[in-house]
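K.L.:
Below are the chains, spelled out letter by letter.
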Amino acid sequence: MNELVFFINKVLISGAVIGSIYAMGAIGVTLIFSILRFAHFAHGDLMTTGAFVTLFLTAMFPEAGHAVGLPTAFVMMPFAMVITSFLAIGLDKAFYKPLREANVKPVVMVMASIGVTLMLQGVVRIFFGTSSRNLFVDDRKEIFRLELPWELASRKIIITEPQVLLFVFTIVAVVALHYFLTRSRLGKAMRATSDNADLARISGINTKTVVTVTWVIAGCLATAAGTLLSLDVALKPDLSFQILLPIFAAAIVGGVGHPYGAVIGGFVVGFAETLAVFNWAILLRPLEKAYEWDLPSNLALVPTEYKITVPFFILIAILVLKPTGILKGQVL
Amino acid sequence: MAIIETKNIHGGYGGMNILNGVNMSIEQGEVGVIIGANGAGKSTSLKAIFGLLNVTEGAIELNGENITNQAPHLLVEMGMAFVPQEKNVFVSMTVEENLEMGAFLRKDNFKSTLDSVYHYFPDLKDKRYQPAGELSGGQRQMVAMGRALMIEPKVLLLDEPTAGLSPLYMNEIFDRVVAINKEGVGILMVEQNAKQALAIAHKGFVLAAGRNRFTDTGENLLNDPEVAKSFLGG
Numbered sequence: 003m004n005e006l007v008f009f010i011n012k013v014l015i016s017g018a019v020i021g022s023i024y025a026m027g028a029i030g031v032t033l034i035f036s037i038l039r040f041a042h043f044a045h046g047d048l049m050t051t052g053a054f055v056t057l058f059l060t061a062m063f064p065e066a067g068h069a070v071g072l073p074t075a076f077v078m079m080p081f082a083m084v085i086t087s088f089l090a091i092g093l094d095k096a097f098y099k100p101l102r103e104a105n106v107k108p109v110v111m112v113m114a115s116i117g118v119t120l121m122l123q124g125v126v127r128i129f130f131g132t133s134s135r136n137l138f139v140d141d142r143k144e145i146f147r148l149e150l151p152w153e154l155a156s157r158k159i160i161i162t163e164p165q166v167l168l169f170v171f172t173i174v175a176v177v178a179l180h181y182f183l184t185r186s187r188l189g190k191a192m193r194a195t196s197d198n199a200d201l202a203r204i205s206g207i208n209t210k211t212v213v214t215v216t217w218v219i220a221g222c223l224a225t226a227a228g229t230l231l232s233l234d235v236a237l238k239p240d241l242s243f244q245i246l247l248p249i250f251a252a253a254i255v256g257g258v259g260h261p262y263g264a265v266i267g268g269f270v271v272g273f274a275e276t277l278a279v280f281n282w283a284i285l286l287r288p289l290e291k292a293y294e295w296d297l298p299s300n301l302a303l304v305p306t307e308y309k310i311t312v313p314f315f316i317l318i319a320i321l322v323l324k325p326t327g328i329l330k331g332q333v334l
Numbered sequence: 002m003a004i005i006e007t008k009n010i011h012g013g014y015g016g017m018n019i020l021n022g023v024n025m026s027i028e029q030g031e032v033g034v035i036i037g038a039n040g041a042g043k044s045t046s047l048k049a050i051f052g053l054l055n056v057t058e059g060a061i062e063l064n065g066e067n068i069t070n071q072a073p074h075l076l077v078e079m080g081m082a083f084v085p086q087e088k089n090v091f092v093s094m095t096v097e098e099n100l101e102m103g104a105f106l107r108k109d110n111f112k113s114t115l116d117s118v119y120h121y122f123p124d125l126k127d128k129r130y131q132p133a134g135e136l137s138g139g140q141r142q143m144v145a146m147g148r149a150l151m152i153e154p155k156v157l158l159l160d161e162p163t164a165g166l167s168p169l170y171m172n173e174i175f176d177r178v179v180a181i182n183k184e185g186v187g188i189l190m191v192e193q194n195a196k197q198a199l200a201i202a203h204k205g206f207v208l209a210a211g212r213n214r215f216t217d218t219g220e221n222l223l224n225d226p227e228v229a230k231s232f233l234g235g
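Residue numbers (my numbering), protein chains in the order written: chain A, 3 to 334; chain B, 2 to 235.
Any given hint might turn out to be false.
What the hints assert, rightly or not - Listed below are the simulated DMTMM-like cross-link pairs for lysine to aspartate or glutamate, each with C-alpha atoms no more than 20 angstroms apart in a straight line: (1) B:Lys155 <-> B:Glu6; (2) B:Lys88 <-> A:Asp200; (3) A:Lys158 <-> A:Asp234; (4) A:Lys330 <-> B:Glu6; (5) A:Lys210 <-> A:Asp200; (6) B:Lys155 <-> B:Glu28; (7) A:Lys210 <-> B:Glu78; (8) B:Lys8 <-> B:Asp217.
If you are wondering where the hints come from, they were derived from the structure by calculation, not from laboratory data. Since this is a predicted model, take the numbers as computed values, not measurements.
In isolation and in its complexed conformation, chain A is listed as follows:
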């Protein structure tokens, strides 16, 4: 039983945590692609920047969380989302819009976004330094240890407060996005623009508004993902580079241009990572005695340090086997 609890902690919970983060990032990437037709490489840095905005607000008002009994950073997150959205719109106006109006090729936009990546990384380091930060400024991370009712299970399921908040937020965000895209006038206009931008314009849809809304959604989700990930681990200025590849893998696995695909892709990549680095020897140990096997102590498919190779592998596999992704998306 303890082995199973270990599996739940290491694979199910960890996979769901990282999957949620990837999903929220991938939704942003996929929406930007479907409206603006380019791969936004600065998305990881939008996440980091959003998380640092949260850190800044948390440091400004360290007491705010006590009033409602939640981590201060989580209380500050909505404000950071608003600020980061404005920042994202500003980045678009300053760097992407002039290129778009000059009708450049998509690859030029991609290059510009790599430039924005480097710039954001520099700006974050100027203001916040290079060291790792803790988003719990004035409060402590709460850890829940759930005991299982069975006698054999002496280990406990461990889940932290930020993880619970992350799950709740992800579910709310995905449901809200679904209703926005299928029910609201603006959400439908977004789908129309993604489907056929020329026809959307001919129908009288103001595509500029659609672009703005896209940046707001992408900025909000990036901030939330960055903040909630940093609450769970730590906030580092180079967070984005580690997360960019899995996010793009998630978007492509799900089918580029499909927000729901991005959610599926996020969890596929997340669980694939945790399953690949999980030490299967632990789960097989009870069988070891029964069958007199000689198991090595570590039976992980991929050593933890090489976790980043997993999304790489998935990315290559999906591009070779099914380039359109799980839901039929565009081919990048």
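Using the hints, position chain B against chain A.
P.N.:
Coordinates of chain B only, in the frame set by chain A:
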């Protein structure tokens, strides 16, 4: 006063001009048909009217108001709708969502317009929750025309609405065009099926090399031996 009028318009996509002086005019509630050989500037004329192309010379007027090079969404607001020849539906969206997008600029309740579109195209009502991409070519054309009608336009621009359709659907589309026109909507359409189109046209414009070759009523053009010889296939 003409509901839509182009006065000697010139323009192109950068580089050489495609339009070298096109003059067209239709009155409120008339059907105007543009015919001509490939590359004569038929579709380009429609695009120029709808602000999708830079007009370098001449003027376009809607109800006497100058709308030369006006942005498309402003033209939609002024009561003009355009159905392009290709890619004229949102393939991933349902039929009803396509129609809703046509009414995007309307703040009022457009339920009655939706009913009237379903009245024009009963086929669409049965398929309203189906993605437009799953429909046949003729049904897609109906969705495209329905989408344009949702704004309750005064003028409807149609770019080859029957291109690639079976004769059955072709007749149906022509019938619908006549029915829509009977409700008082001015129609300016480009057509390959010149005879059939001129038969329903109040005005006909025969273009060649980006300018008017013949301009007359539909009936006169049909009976003109010279037009018949060069443009109606004898």
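K.L.:
State for each hint whether it applies.
P.N.:
Right, here's what the structure says about each hint:
no. : hint                  : in the structure
1   : B:Lys155 <-> B:Glu6   : 13 angstroms, holds
2   : B:Lys88 <-> A:Asp200  : 9 angstroms, holds
3   : A:Lys158 <-> A:Asp234 : 19 angstroms, holds
4   : A:Lys330 <-> B:Glu6   : 45 angstroms, violated
5   : A:Lys210 <-> A:Asp200 : 13 angstroms, holds
6   : B:Lys155 <-> B:Glu28  : 11 angstroms, holds
7   : A:Lys210 <-> B:Glu78  : 17 angstroms, holds
8   : B:Lys8 <-> B:Asp217   : 16 angstroms, holds
The structure shown violates just one earlier hint, number 4.
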